[in-house]
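Colleague: For reference, the chains in residue letters:
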Amino acid sequence: MFEYALSVMIFLPILAGLLLLLCPVSKGAARAIGFIISVVILFIGIEIFLGFSGKSGMEYVEHHSWIPSLGVNYALGIDGISLLVLVAATFLFPMVFSVFKTKTKGFYGNLLLAQGAMIGAIAATDLILFYVFWEIMLLPIFFMIGIYGGEKRLPATLKLTIYTIAGSLLMLAALIYVGTSYHEQFGKWSFNIADLSALSLGGGFAVLAFLMFMVAFAIKIPLFPFHTWLPDGYTEAPTSATFVLSAIMAKIGVYGVIRFVIPVFEIEFTRFAVLFSLLGVAGMMYCGLAAIAQKDMKRMLAFSSASHMGIIALGVFCLNVQALAGSLFQIIAHATSTGVLFLFVGLMEERLENRDIDSLGGIAYRAPVFATFFAIAMLASVGLPGTSGFIGEFLIILGAIKFSSFIGFLAGTTLVIGVCYMLWMFQRVFFEKSKESTDSFADLTTGEILTFVPVILLIIGMGIFPQSFLEKIEPTAQQHIAQISAVSQSQVADTTVQNPGHNNHKN
Amino acid sequence: MIHDYLILSVILFCLGILGVITRRNVFTVFMSIELMLNAANLAFIVFSRVHESMDGHVLAMMVMAVAAAEAALALAVVILLHKHKGKLDTNVFSLLKG
Amino acid sequence: MEHSANYLGLIPLLPLTGALVIGLLHMMTCTGKPLPEKLYSTLACIGPLLSFFMALVVFFHLRDMAPEDRFLSHIAFTWFAIGDLHVDMGFLADPLSALMLIFVSFIGSLIHIYSIGYMAGDENYGKFFAYLNLFLGSMLILVLGNGPVVMFVGWEGVGLCSYLLISFYTKDTDNVLAGNKAFIVNRIGDLGFVLGMSFLFWAIGSGGFDYLSLKENTHLLTPGIGFAVCLLLFVGACGKSAQIPLYVWLPDAMAGPTPVSALIHAATMVTAGVYMVARFSFIYAHVPAAGTIVAWVGILTALLSAIFGMFQKDIKKILAYSTVSQLGYMFAGVGLAAYSAGIFHVFTHAFFKALLFLGAGSVIYALHHQQDIWKMGGLKKKMPTTYATMLIGALALAGCPPFSGFFSKDEILFSALASGHPGIWFIGVTVAGMTAYYTFRMIFLVFHGKPRDQEAYDHAHEPPPVMTVPLIILAAGAAFAGVLNLPGIFGGHMSVSHWLAPSLVEHHPHASVWVELFAMLASIAAVVVGITIAYKKFSQGAEEPVFTGFAKFGYHKFYVDEIYNAVFVQPYKAIGSLISRIFEPNVTDIHVKLSTWIYKKCGKGFKVLQVGYVRVYAIYMVIGLSLMSFFLSQSIN
Amino acid sequence: MHDFLSLLPLIIITAGAVLLMLLSTFEKTNVETASYISMGFYGVAFFVQLVIGCGPEVTIFDQTFNGMLVANNFSMAAGLVILGCGFFTSVSGHSYFKVNQFCTLEFYSIMMFASCGMILLTLAHELISAFIAIEIMSLAIYILVGYDRQNVKASEAILKYLMLGAFAGAFFTMGTALIFGAAGSTKFMAIAAALNMTGEISPLLLGGSFFILVALLFKVAAFPFHAWVIDVYDGAAAPVTGFMATALKTAAFALFANFLAMNNVMHSGWVTFLFYLAILTMFGGNLVAIGQDNIKRMLAASGIVHSGYLLIALVALNAEQFSGSVIAYYLAAYAVGTLGIFAALSYLSGEGERRADFADFKGLAKVHPYSAAAITVFLLSMAGIPPTAGFMGKFYIITSAFNEGQVTLAVLGVVSSILSMWYYLRLIINMYFHEATDTFEIQGTPLATAGTFALVFCVFAIALYPVVI
Amino acid sequence: MFAEVLFIAFAALSVLGAMGLILFRHPMKGAMSLIVTMISLAGLYALLSAKLIFVLQLIVYAGAIMSLILFIIMFLNIQDNDLPVEEGRFLYLAGGIAVIIPIASFLIKIVNGLPDSQVTIVGNGFGGVKEVGLILFQDWLLPFEIVSLLLLVALIGAVVLAGKRRLVK
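Residue numbers (the working numbering), protein chains in the order written: chain A, 22 to 528; chain B, 113 to 210; chain C, 60 to 696; chain D, 115 to 583; chain E, 1183 to 1351.
Incorrect hints may have been included.
Facing chain E, a subset of chain B residues (Cβ under 8 Å, in silico) [stated by the list, open to error]: (1) R135; (2) V189; (3) L207.
If you want the ones that stay clear, here's a sample from chain D, every Cβ over 12 Å from chain E, calculated [to be verified]: (4) F118; (5) M135; (6) S138; (7) T178; (8) E220; (9) S223; (10) A244; (11) E249; (12) I255; (13) G260; (14) R263; (15) S299; (16) G466; (17) H482; (18) P501; (19) A550.
Hints were generated in silico from the structure; no laboratory data involved. Since we're looking at a predicted model, the values are computed, not measured. Just so you know, even glycine gets a beta-carbon here, dropped at the ideal spot from N, CA and C.
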């Protein structure tokens, strides 16, 4: 039954999405179909999560030949790295269908397409297949922003699309380079990630290819200074698209780094780890600082999301198992906190048609349930212990300290920076005197409460019982780190990475 | 001696190019192209003579045939253009640009 | 030897459950018809009282064990484990935490009861109790946690609750700002805590990241890392316990309801820093230099806030500064490795400060939220119970023998002198005098003399018993708690110190009885001087003075808030807007803008080249050809 | 017998052309019938071509034709593409000429003659036959371009194309003459033999092959011989533009590849030259395309860019074991996308092609969602976004470039496709993200619409089952 | 010797004719000078023993094609004021020459790299009708056949483009 679970998860939403786009279906029916499909996917996702044994290998493997002459396969599988990302991509979608009632069928269709493509990108173990899904998932987002976005959507869409496509095309070149190198070294074609990790690359172009990969992922994550598409994109996008972008798509960027870059480019990765971790930290601080000055709630959250992504990326670059596991955990924690915050803002926007922080106020008195939920998600996003946000951030900071005390210190400042803008925003929007614009704000309906309660419970549950998640990802994370440290010790024993003191000096 | 023939062919060819790029009269341009074809023909004949094979002659004949066909079409086009504008200046036809 | 006690987990869980239940009830009903207050108050008090009861059980359980293995632990579940890092959601009760546990739950319960009266009629009655329960639960986690990470949960939890409670009256922007400030400043401290924890883990944490394992591995700690860890942890303590330079949030935190001030800012949350340093005594003992820094920071904080306290006119602000000042003492104590003295001061301070705050609350309650002491006066007659209890509290705070404050404070000052820090001792004695002065300044202005605001005075009355009874209980504690740690000089056995000894790594300075006596007399003298001056100046209906010179400087708290605002807050916001207005669109985005610009220009340029003249196209071809031929003719010779 | 079978598609097409030519003398036959007839012939020829398949390499009628025609997998695939292009052009012509009534029966006849020349071109392994085939193709295309005699733009287009085409043809003859002088023959086999003898390209051969390359580069609109293509595409009718953009390019590249792959010496001699030209072509094309507001002009410019990619494939081809599969696949992918757009344009652009600019298609998605979606698919395919055929094509080309060590070219190819995103997206944005101001009435027959959707299917089918490789 | 003199004469004539083509403003004069070039080229073919081509050059090229061109020129009745005013023609010429020099020098370099040899008129039927015809129909059957196709296309094209249009509905 679950032999083809991954394929079903990929193609069920894609086919349903295409059907919605192509067939004349009413708005409500489209939403219902989308909801049902996403719930089905959710159940399969839960089943996969529960059935996942947590050993370090791939599970739920599917393998079919696609382009034999180049060794490209339709190969799917899930391991500890992809599991949580997959969970994020499956768990959160039903909410979108349940919360946003007013969109057209094309919107729901695109949403389904995005989900299918994302699951495809997460589950693919073949680089080319991954790339295919990676590109496909941008398309629905493109249309969603362009058609349903805000006032200034056109430049934002263009910027986002061209930016990300530019990145991914560079990645295409890099991954083909990797494939041909494999062909040269082993005499046969393969783009399977397990095979490719056996590659030993060297020389100038390896570095270039590595950087191309990294740029592609850095744009998607987005890592400073490649984040400039994000504020406009996130702000102008319809909220559910923002949610998809922030909660899942950005994570696939991080996931890509872990899955595809680390195993193939161990040496380059260790060599550049300091640089990239600095970028991660710089992005965290930069976006965090930028967030405080925002007047638009969504834009503020956009910067906040970028800021958190900086931390998550940092965890990947720290090259130890705590930070890596922290990042993986934070992937889903961030999806449930910041992602859900975007949904909340979307709700507010739907009700008030206003996101301007200064013109809001006193929502907590009108909508206590909403305010409470918002506060919980917000606290999770600032990493309060007992919520999902803490575990990941703590592990990342812990790992960063090991990696370099200076970077660790800077990473720690996220605790302060995040809380500043969040509290200030919360104060101005939810507290203080209620204003005319918010007088009519209605609290969450029962349906909406039912939608959000699972997530809220997940936020808290993941904060209290993270081990059930961590134990599934730990073996793979251990294996990854073992692999990279073996290589880095044998080949670049004297590089900067091993010596935090030296890093301090360098920075 | 062969050199002289070939150089003559080159000169004619280059004069043909010159005609194409410097003149605006449709007729002159077409005739310049004919001149280039003739230069090529001369080269065919010369090489044919060098290799002492008559393949070059056949090739030259083919080129003549092609030239004839092209000329036929070109003249039809000239008539067409003349009907439109009454002029044979290539610069007159610059609606499509940018 | 494992002493397991499953019920340990219940102690924090009970108030937390209460918080959840009350919170849900309140959330669901607050827009409609509110539920009866009785329901909330009953629900709210069950948890803390049960916790207190269990704390007593823990205490007696521990007492029955041999002193050297007096600990109970309970590991609920593995919280998270990655690589070497293994963190359990576990609880540890040893003498130190048991002591904290008892008074936290005890005072917590009392404050809950007091709040029933104080908050009566508030529209957010339920919310208040939910927060209060949540706060108590977090505090209990903090105290009971078996390792730094679990402690951090409570640590952040109380920070959150203090934010929620300080900004309880959310309609007023200032309150929310005060709450924000508290949370943010606390977070700065937490940053230190987290970093300290991380360093600690990488240094000695691989064998287990709970106190007991860490204690066993302390010898692995290198002095350098140890020093860093101590300082970083102390930064955390500074944040939570309001020490220089992070004390600024505490006075502002008085914006919350008065029971909150009592609970958070007297008895429990602010002492967390002291508790933490004592908890890590095994590390601080390892690095004495760090302890000295802690002590100096503490005593300077004491001095600074005593100065501020002398000039305040808001009754709660006075108490707030006195809290900061007393916390300074505590840090001086724990910094000088007199952990038990410090903890004992925490203990006594909890009683008298809670008492004072609740008493102040009564006054404020009676005067309809009037907090300015220059608008009070002569309340002695109207509110005798309050007056009597507060007087006891004031005497304890001032350090008058034989009240509790005297013994605990004296213990600290004595160890300062004995361990060879006369500077600290001297400042400590001075601060004692100042404390006496401003405490009695408050007492005299509020209760003595003539009423300054006749109308308010006329309406003033003693609060209901639900509020006065806790006052009386606390007064008893404030008066007699000192007995628990009576030094040998008075024939006592230092019971608290002995009780705490297994949990702490401390060395007792040995000094002669004369030194002890001298120290005691000196501080008594200082107190007497302080009270006398206060009596002279304020007992007979003094009028509000206009501050000038140093007094004005002191009244404005040396303009520290303004300086912080100018040095940190405004630049922070300025950087934020600089980034988002100028940097983001013009600098970071420059590669996008530039490439777009070049791209468009090129497009225009090539559009021009497409002139539409066929001859020109031929010329392009020929130019291309001729360039190519030029290069090709280079290749043939 | 196989020799004859290999020529059968060519014969069928020629027969069709002649038949239509004869029919045109009868008043009774109308244009629609003619388009059905041509569809039929194209279809039959396509399937014959498909069914015959091919062995590795067959010299057709070795004795009679003296080894001038060689069929192989590559020519077979290119032939399929050309026939497919012809078929779909007839399909879109059917609708187009319902609205734009300047068509006569000869249109289809000439188109089939053009296809005939193209197929000859894919088979030709001899220079003068190739030249004649080029001329058959070109003359036919000239006629098609200028078919609308009332339209001064069409006449201008034919003038430009004819003049420059003949100019390039003159270079081809000169090149042939020089090669004839160097090798004593114009057959590829003989030239290859001569090259193998010397081991390097002699100056005379260099000059000759240079001129031949120039002519071919002109035909494929490589930089700097690209300027004509934009104006000519603009001036020609949409179906014609589609046809010349795809089939002509396929045929020209077939000859190009066959010529270069004649042997290793020839190929390696020109690698550097083509390397720079590929770069220039890609970037030049992109920069031209950026500024265009007219869809056909943009597509013309993007065609230049695609020629650039194909030049990469030429640089990276392996002359020792030439299969041409990468080029053929890319050509097919490109053809499907481009034909699709032109098919859509031929029923959407209205009478006299009044909707030609990007802005004219604002809000198309609101009125004709399916057509807009189809155009989007084609554009994405041309932009190389998976899972379309264009992506696979690009993937193969970059892979082959890497595999032959042409790293720089591969990377620059990628950079160029980044640059090209803008103008492809621009049309999509216009169609989807604006409100409709036009009613977009569709006159004519539904055939072109059907053809468009068939091509959408092809885009995905080719991508997901890359049979050619 | 005689051949050389003839070559020089023909070459000079042909170059002069070509220059006339480029320089004369009126296409009629250009066409006349092109005919000069073609005839002198025919002479050169004769010198190269290409008898058939010599004949064809005279008949087909100089005769048929050029008279067709002349006919059209006269048919269109081109007046002086119909002609483009080509200002700066000589400037263009100078620029054009500058552009062409690399091409020319490239070609001349190639030519100079070839071994030179004398050309004498060969008898023995080289270039005769029969010999060329045999080759044409034996070796070059394919080009010959497809040229017919080409001519057919050109024919139809001329009809379509310049002929009388009858629209078929």
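Colleague: Are the hints correct? Go through all of them and say.
Modeller: Now for the hints, and whether the structure bears them out:
1. R135: 7 Å, holds
2. V189: 6 Å, holds
3. L207: 17 Å, violated
4. F118: Non-interface label on F118/D holds, nearest chain E Cβ at 14 Å vs cutoff 12 Å.
5. M135: 6 Å, violated
6. S138: Per Cβ check, S138/D is inside 12 Å of chain E; nearest 8 Å; violated.
7. T178: 6 Å, violated
8. E220: Violated, because the least Cβ-Cβ distance between E220/D and chain E comes to about 5 Å, which does not exceed 12 Å.
9. S223: At about 7 Å from chain E, S223/D fails to clear the 12 Å cut-off, so the statement is violated.
10. A244: Violated, since 9 Å does not exceed 12 Å.
11. E249: 5 Å, violated
12. I255: 10 Å, violated
13. G260: At roughly 6 Å from the nearest Cβ of chain E, G260/D sits no farther out than 12 Å, so the non-interface label is violated.
14. R263: 6 Å, violated
15. S299: Per Cβ check, S299/D is inside 12 Å of chain E; nearest 10 Å; violated.
16. G466: 16 Å, holds
17. H482: 28 Å, holds
18. P501: 41 Å, holds
19. A550: Non-interface label on A550/D holds, nearest chain E Cβ at 33 Å vs cutoff 12 Å.
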